[in-house]
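Undergrad: Take these sequences, add in the hints, and give me the full structure.
Number of protein chains: 2
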Amino acid sequence: MPSSAPFAKYIEDNQDALIERLAASVAIASVSGDPSYRPEVHRMGKWLQDELVKLGVEVESVPLGPQTLDGQEVQLPPVLLGKYGSDPKKKTILIYGHYDVQPALKSDGWETEPFELKEDKATGRFYGRGSSDDKGPILGWLNVIEAHQKTNTEMPVNLRMCFEGMEESGSNGLEEVVVAEAKKTFKDVDAVCISDNYWLGTTSPCLTYGLRGLAYFSVSISGPGADLHSGVFGGMVHEPMTDLFAIFSKLVTPQGEILVPGIADKVAPLTPEEKKRYEVIDVKVSDFEQAAGAEVTISQDKATVLMARMRYPSLSIHGIEGAFSAAGAKTVIPSSVRGKFSIRLVPDLTPQDVEKLVQTYLHEEFAKLGSKNKFKVEMLSGGMPWVASIDHWNFRAGTKATETVYGKTPDYTREGGSIPITLTFADALGVNVMLLPMGRGDDGAHSINEKLDRSNFVQGSILLGEYLTEVAKLA
Amino acid sequence: MPSSAPFAKYIEDNQDALIERLAASVAIASVSGDPSYRPEVHRMGKWLQDELVKLGVEVESVPLGPQTLDGQEVQLPPVLLGKYGSDPKKKTILIYGHYDVQPALKSDGWETEPFELKEDKATGRFYGRGSSDDKGPILGWLNVIEAHQKTNTEMPVNLRMCFEGMEESGSNGLEEVVVAEAKKTFKDVDAVCISDNYWLGTTSPCLTYGLRGLAYFSVSISGPGADLHSGVFGGMVHEPMTDLFAIFSKLVTPQGEILVPGIADKVAPLTPEEKKRYEVIDVKVSDFEQAAGAEVTISQDKATVLMARMRYPSLSIHGIEGAFSAAGAKTVIPSSVRGKFSIRLVPDLTPQDVEKLVQTYLHEEFAKLGSKNKFKVEMLSGGMPWVASIDHWNFRAGTKATETVYGKTPDYTREGGSIPITLTFADALGVNVMLLPMGRGDDGAHSINEKLDRSNFVQGSILLGEYLTEVAKLA
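Quick note, the sequences are listed as chains Z and L, same order. Numbering-wise (full-length UniProt numbering), the first sequence opens with residue 1 and increments by one. Numbering-wise (full-length UniProt numbering), the second sequence opens with residue 1 and increments by one.
Because the hints were derived from the structure by calculation, they are not lab data. Model, not experiment: these values are computed from the prediction. Be aware that a few hints might be false.
A pair counts as met if it fits within one copy or between any two copies, since identical chains are not told apart.
As the list claims (entries may be wrong) - Quick list of in silico lysine-lysine cross-link-like pairs, DSS-like style, CA-CA up to 30 Å: (1) Lys330 <-> Lys356; (2) Lys374 <-> Lys250; (3) Lys374 <-> Lys302; (4) Lys400 <-> Lys83; (5) Lys372 <-> Lys250; (6) Lys356 <-> Lys250; (7) Lys302 <-> Lys368; (8) Lys266 <-> Lys330; (9) Lys330 <-> Lys376; (10) Lys83 <-> Lys275; (11) Lys46 <-> Lys183; (12) Lys91 <-> Lys183; (13) Lys150 <-> Lys374; (14) Lys250 <-> Lys376; (15) Lys368 <-> Lys250; (16) Lys330 <-> Lys374; (17) Lys83 <-> Lys121; (18) Lys54 <-> Lys150.
TA: Below, the structure is given as structure tokens:
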């Protein structure tokens, strides 16, 4: 047995009961994005609060007021603030999770009822919406507390908890709560641990220390006073669509190289040490091909592909608003179109930098076209990238715990997307934040047939406990 | 009075009664595109048949069977075949018109009830759906027949008529009828006259001798197995949208120059004589700016702009199917997109030529991208361009009639769009076809507040009669 701690043995020995608790949580269809499911999100919040209280956690349920969703006014589910232990001699770790889930209907193509946790005995996988994202990890923390109590083991750290019910739908109100609590419930927090992402593949555990930021742009080109018939006006006028294709073809090459001058220069240089981190990550290019559903990776070199996701910016063109988008053959000259693209940001690119570079470049390129159409570039949203130091005791504790539980050094990964709350915790509390995933890369968090492997739930719970133990030793 | 013919005096003197008949036809809401209006289209066909019979026209109503429209099965309105005169010593002219109209609701922004013909006394304009497109012109022909009868003037030609009720909705079934009747009702036809278009501007009458054809293309690019999240996959994979923008940026310049090699070479060369035809057309660039709703013409030279519409091909990009097209900011990498563009064709460009050139060029350009995505080019539809000889007696008759009625030589124009039935008549009957419009360029045929000027109805009816008179003299 990888971990010899009594709490670990308790989790191993009582895994079926702990899985029952996971099944009870999955049975509550806490879909935050659909107003008709909102009562279930509240019920899930109450269920979680009760479970925490049963374990002796001091819980404050922070109401967030109403929101309008699909034209209906509904109450936002509360943020649960938890407090477990206040020993000034111990470190205090803030843990984050979310109790809401993505939508799921059997008719979407699920092989089982999405809100009934169902084991496939042959593979040891538990299918059910929220099993991996993020009810499994939240209950992992509860397993750790229970296991310590039942084995009369002292908790090695003080815990603070922040569990929200709106993560899948924009985390409304959460940032304000975190900022407001920074000097209150969270005031003694020494580090943050978030268990809400996944291993890169299916065999190697990882610690995640970076997330990309985002700068989302809308480019409006308008000319004619109304949509025109291409028979009558084709050839006579400057067409906004022609201009848009000319401009957007200057953004990025088919190999993914961003053509906006100045962006590449601001990317933090790659050190040999960092490069090595990607080279040793236990994943194959074919894993990414499988995930993408086709052999369309930009390279056959693993490290190149990993770095393209994790440490370089990328530019994707998403679509056009105002153009013909239906099936069939309409002969329209759209009079006014808005092209949308976004750039994923990495250190040291800020949204402000990128906005300036994009504005300057696109206006220069548009001027070259000699078009009489009107041109406007807007940044619709911007979010900073985040990178934590893996030399911090928080990551060293995560590393040691992983080595104990899984017998191997974790992959150090960055995610290509954004989890804005990570940056909020880092900024508002001024402490190190680590992402410590429980599930695997093939869990299908936002897809049909979401699952969590039995071993990931059991060993993943033990991993969280070992991490807290290591914090107490290393910090 | 420009025309001294007795029939012309009758039309002048009885214009208010003739306008009453126009009002009666406008009052029937014969909207072909909406199944709930279909009974009115049939009622309009019956009304027109009765009016023709009253004038002694032999009418055959050809049923076209059922169609499914918006999920409902409805009966297609009949094609009315008319026969008036069979004197072997006279020329036989086939006239075409349509008795259906575009949709219209007061709430669309009409200033008057769309299905009540309403005169604005100050301007002498009659507002109402179908006034100009195409009930006014059809009734113009009836005015001519009535005026000849009432003034005991012998009709100078035999008439054949083809009036349909589906022109605004795809002319279902018409081509088959024309082909089938080529050796029957239409067997002695010497030339065709279609009154279903407009002057270029508001002051100069015109004869139209050309229409552009169309080749409509769909370009499919697909890669990933499903839409991907740009955070997770951005930078790692070849994105279909990037490829599509790269490819479509190679189609046409912002100045309207088509970049597909070989297309320009196949366009019939411009002769000095033809060039002159555009230079003398009575229109200003500002008229086109007004029509387009903005100062976006590709040139400030009138002849250049006219030729861009009338005698050169044009390429318009219409939109993308499968990409993000809504408002807002979605961070999707679309997995499979279909870009749509079309090329307007002029002699001597055939759809077959253009398809081959486009296929070759786009596949070459795609190969240069070095993308692993899949690429497919399809021509969804192709229609030939049409140009008639204006040296034919049919056009000489139209010219002479215009000079008599309006005191000026008509503009010789080509339309930028397609009227497929024109080509069907030309091909199936093997005779000269002329478009002889009644209304003005600002009639708003497919817009709100469609109108026909009183003078265009009265002088336009006389023009049709004078044209028939000239046919008898010149043919």
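Undergrad: Decide, hint by hint, whether the structure agrees.
TA: Hints versus structure:
1. Lys330 <-> Lys356: between (37 Å within a copy, 22 Å between copies)
2. Lys374 <-> Lys250: Both: 18 Å inside a copy, 22 Å across copies.
3. Lys374 <-> Lys302: between (44 Å within a copy, 23 Å between copies)
4. Lys400 <-> Lys83: within (25 Å within a copy, 97 Å between copies)
5. Lys372 <-> Lys250: Answer is both; intra-copy 19 Å and inter-copy 20 Å each pass.
6. Lys356 <-> Lys250: Both ways: Lys356 and Lys250 sit 16 Å apart in one copy and 28 Å across, limit 30 Å.
7. Lys302 <-> Lys368: Between copies, since 24 Å is at most 30 Å while 39 Å is not.
8. Lys266 <-> Lys330: The answer is between: 26 Å across copies meets 30 Å, while 43 Å in one copy does not.
9. Lys330 <-> Lys376: both (26 Å within a copy, 19 Å between copies)
10. Lys83 <-> Lys275: For Lys83 and Lys275, neither the intra-copy (40 Å) nor the inter-copy (86 Å) Cα distance is at most 30 Å.
11. Lys46 <-> Lys183: within (26 Å within a copy, 83 Å between copies)
12. Lys91 <-> Lys183: Within one copy only: 16 Å inside, 98 Å across.
13. Lys150 <-> Lys374: Answer is neither: 70 Å inside a copy and 59 Å across each miss the 30 Å cutoff.
14. Lys250 <-> Lys376: For Lys250 and Lys376, both the intra-copy (16 Å) and inter-copy (23 Å) Cα distances are at most 30 Å.
15. Lys368 <-> Lys250: both (12 Å within a copy, 16 Å between copies)
16. Lys330 <-> Lys374: both (24 Å within a copy, 24 Å between copies)
17. Lys83 <-> Lys121: neither (37 Å within a copy, 82 Å between copies)
18. Lys54 <-> Lys150: within (13 Å within a copy, 103 Å between copies)
Consistency with the previously given hints fails for numbers 10, 13 and 17, ordered from lowest to highest.
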